[in-house]
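Novice: Here's the letter readout for the chains.
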Amino acid sequence: MSNVNIKPLADRVLVEPAAAEEKTASGLFIPDTAKEKPQKGTVIAVGNGKKDEPLTVKVGDTVLYGKYSGTELSFDGQDYLIMREADILAII
Amino acid sequence: MSNVNIKPLADRVLVEPAAAEEKTASGLFIPDTAKEKPQKGTVIAVGNGKKDEPLTVKVGDTVLYGKYSGTELSFDGQDYLIMREADILAII
Amino acid sequence: MSNVNIKPLADRVLVEPAAAEEKTASGLFIPDTAKEKPQKGTVIAVGNGKKDEPLTVKVGDTVLYGKYSGTELSFDGQDYLIMREADILAII
Amino acid sequence: MSNVNIKPLADRVLVEPAAAEEKTASGLFIPDTAKEKPQKGTVIAVGNGKKDEPLTVKVGDTVLYGKYSGTELSFDGQDYLIMREADILAII
Amino acid sequence: MSNVNIKPLADRVLVEPAAAEEKTASGLFIPDTAKEKPQKGTVIAVGNGKKDEPLTVKVGDTVLYGKYSGTELSFDGQDYLIMREADILAII
Amino acid sequence: MSNVNIKPLADRVLVEPAAAEEKTASGLFIPDTAKEKPQKGTVIAVGNGKKDEPLTVKVGDTVLYGKYSGTELSFDGQDYLIMREADILAII
Amino acid sequence: MSNVNIKPLADRVLVEPAAAEEKTASGLFIPDTAKEKPQKGTVIAVGNGKKDEPLTVKVGDTVLYGKYSGTELSFDGQDYLIMREADILAII
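If you read the protein sequences in the order shown, they are chains A, B, C, D, E, F and G. The working numbering numbers the first residue of the first sequence as 1 and each following residue consecutively. The working numbering numbers the first residue of the second sequence as 1 and each following residue consecutively. The working numbering numbers the first residue of the third sequence as 1 and each following residue consecutively. The working numbering numbers the first residue of the fourth sequence as 1 and each following residue consecutively. The working numbering numbers the first residue of the fifth sequence as 1 and each following residue consecutively. The working numbering numbers the first residue of the sixth sequence as 1 and each following residue consecutively. The working numbering numbers the first residue of the seventh sequence as 1 and each following residue consecutively.
Just so you know, these hints were derived from the structure itself, not from any lab. Do not take every clue at face value.
Derived lysine to aspartate or glutamate pairs resembling EDC-like cross-links, with alpha carbons at most 16 Å apart [claimed, not checked]:
1) D:LYS7 <-> C:GLU72
2) F:LYS50 <-> F:ASP79
3) G:LYS7 <-> F:ASP87
4) D:LYS50 <-> C:ASP61
5) E:LYS50 <-> D:GLU53
6) F:LYS7 <-> E:ASP79
7) C:LYS40 <-> D:GLU72
8) F:LYS50 <-> E:ASP87
9) E:LYS67 <-> F:GLU53
10) D:LYS51 <-> C:GLU72
11) A:LYS40 <-> B:ASP87
12) B:LYS58 <-> B:ASP87
13) F:LYS51 <-> G:ASP76
14) E:LYS51 <-> D:GLU53
15) B:LYS51 <-> A:ASP11
16) G:LYS51 <-> F:ASP52
17) E:LYS51 <-> D:ASP52
Not everything, but these chain E residues come out facing chain F in the computed CB check (under 8 Å) [stated by the list, open to error]:
18) VAL59
19) LEU89
20) ILE92
Yeah, the Cβ is synthetic: ideal placement off N, Cα and C, and Gly gets one too.
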């Protein structure tokens, strides 16, 4: 898990996407259908949530999220996604 | 009913779709019309609900949901759907 | 009125549509115009309503609803519709 | 004014449209322009309103409403419209 | 100012549009550009407002409103507009 | 600054757009790109705000607003814009 | 960091975009993909927030924001962006 100094705002979360080979190792398999497929990643940083709504995910959680969720950015050669917690489907 | 270690977020629910032959056995029959047809499945895991709105469905409930609801994922060879509780029509 | 073991979720209602000949017997007639025409049916099961908003219709009520309301399903050879209470126009 | 046994749900209102000749007699005239023209009718039955918002119109009120408001239905040979109170422009 | 027996519902207002020549007399001039131009009129009747939101305009106020606001109706040969108070830009 | 007798309703504000040469004098320069450019003007009159939300801008403030904000009107040969406070970007 | 006399309204923030070469120096690299890429800048001035929702970012914060966020303006030869705080992704 990377250590980056980025503080997401409000209900946003910084996620480091899992490498492709890691998916098979964990037993998770994404079926090859026409439906949108979830992606897996690790939470690196979280915002403070919205008013009266603290976030549920924590730094270190492995999460599933939609394929087109979030905005890409990279730091020191590592790619990240910054997305809203509502784009996260589940913690695994 | 499968045992998986996935925690859906907020108002999301993890559902294991029923096999096709199980539909006839239970007497449920989906008519062949142009309308959207509900599907049947078993609730495997549930989120904590939204603020002040705990979920109604429980693990183990057999539920009906719309044909195009949810996002597919599979684990150890079993297909699941992760959807919002609002996509669930009824408990049977 | 049928007896089925289906619990609609939240503000949903299970309706058994009236047979076509029953419409004439009750004096209700749906004019043949371009406007959407309401349908008649009997409430078979109701959800618990949304937070702070219990449902108004009760099991046994005869209701009018829009022609394209709800999702079809059938059980033991009988067709039903599951719809939101907001799709119900009136109790007759 | 007709007497029908229909209870509109929530904020819905059952209206008996005025006959065409009645419009001239009352002095009301709808100009022939491209704008949507209001229609006149009599309130026959009203719902209980939404939570904390009782309805304003009462049975017997003569109301103006938009030309394309509501859903048509007829009972014992009389045509009615069932519409939301928000579709009613004014009481005259 | 006319005297008509029409009670607008909720946040609606009945406006008698000003005659075209009256505009020049008051010094108000609407520039001839591509932007939507406001119209001037007199408030004839007002609704009771929405829950907890009484109306601001009063009978007799001269108001400016958007060109395409409201629904036309006429009574005893006089044209009126019935519109929501939110369609009124200013009192002059 | 002009003196006009117009009372904007609710959260609306009457703005007198700055003349074109005044922009250079103040040092403000609007770059010539494809993005929407803000305009500068003086607040002439303000509404009472919405329920529980008094306005922030005051008569006399110089404000920046989007190029296509508001509705044009003119009075005694002077052009004004009437817009919602939410259309105002900043006070300068 | 520039010193300008502009007060953004409500939940708006004035940002001075970072120069292009500064991006490489800080180690931040924006990958060249089809996804929308975030931009970096410094907060120069902030509004008072919306009712009951003070802003999170402070003057001097370095922030990431979407490429098409905000409205351009320039003052004394320096370009700025004025945007809503919701358009800001993170503080770095």
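Novice: Next, verify each hint and record whether it holds.
Specialist: Hint by hint, here is what the structure shows:
As the CA atoms of LYS7 of chain D and GLU72 of chain C are separated by approximately 25 Å, the hinted pair breaks the 16 Å bound. In summary, the hint linking LYS50 of chain F to ASP79 of chain F is not supported, as the alpha carbons are separated by about 26 Å, beyond the 16 Å threshold. At most 16 Å may separate the alpha-carbon atoms for a hinted pair to count; LYS7 of chain G and ASP87 of chain F meet this at roughly 14 Å. Between LYS50 of chain D and ASP61 of chain C the alpha-carbon distance is near 19 Å, which puts this suggested pair outside the 16 Å criterion.
The hinted pair formed by LYS50 of chain E and GLU53 of chain D meets the criterion: a straight-line CA distance of about 9 Å does not exceed 16 Å. With a C-alpha separation of about 25 Å, the suggested pairing of LYS7 of chain F with ASP79 of chain E is violated against the 16 Å cut-off. As the CA atoms of LYS40 of chain C and GLU72 of chain D are separated by approximately 13 Å, the hinted pair is consistent with the 16 Å bound. A threshold of 16 Å between alpha carbons decides the hint, and for LYS50 of chain F with ASP87 of chain E the separation of about 14 Å falls inside it, so the pair holds.
A distance of roughly 28 Å separates the Cα atoms of LYS67 of chain E and GLU53 of chain F; the hinted pair therefore is violated under the 16 Å criterion. Of the supplied pair hints, the one linking LYS51 of chain D and GLU72 of chain C is violated, its CA atoms being roughly 29 Å apart against a limit of 16 Å. For the proposed pair LYS40 of chain A and ASP87 of chain B, the alpha carbon gap of about 23 Å is over 16 Å, so the pair is violated. Distance check on the hinted pair: LYS58 of chain B and ASP87 of chain B sit about 15 Å apart at the alpha-carbon level, within 16 Å; holds.
Proximity of LYS51 of chain F to ASP76 of chain G is assessed by CA-CA distance (about 39 Å); at most 16 Å being required, the pair is judged violated. Of the pairs offered as hints, the one joining LYS51 of chain E and GLU53 of chain D holds, with about 7 Å between alpha carbons and a cut-off of 16 Å not exceeded. Between LYS51 of chain B and ASP11 of chain A, the direct Cα distance comes to roughly 14 Å. Compliance with the 16 Å bound is thereby established for this hinted pair. Pair hint LYS51 of chain G plus ASP52 of chain F holds up; C-alpha atoms about 9 Å apart against a cutoff of 16 Å.
Annotation: proposed proximity of LYS51 of chain E to ASP52 of chain D holds, straight-line Cα distance about 9 Å (limit 16 Å). The beta carbon of VAL59 of chain E comes no nearer than 16 Å to any beta carbon in chain F, farther than 8 Å, and the hint placing it at the interface is violated. Because the smallest distance between the Cβ of LEU89 of chain E and any Cβ of chain F comes to about 5 Å, under 8 Å, the interface hint for this residue holds. Against a cut-off of 8 Å between C-beta atoms, the interface hint on ILE92 of chain E holds, since the closest Cβ of chain F lies about 5 Å away.
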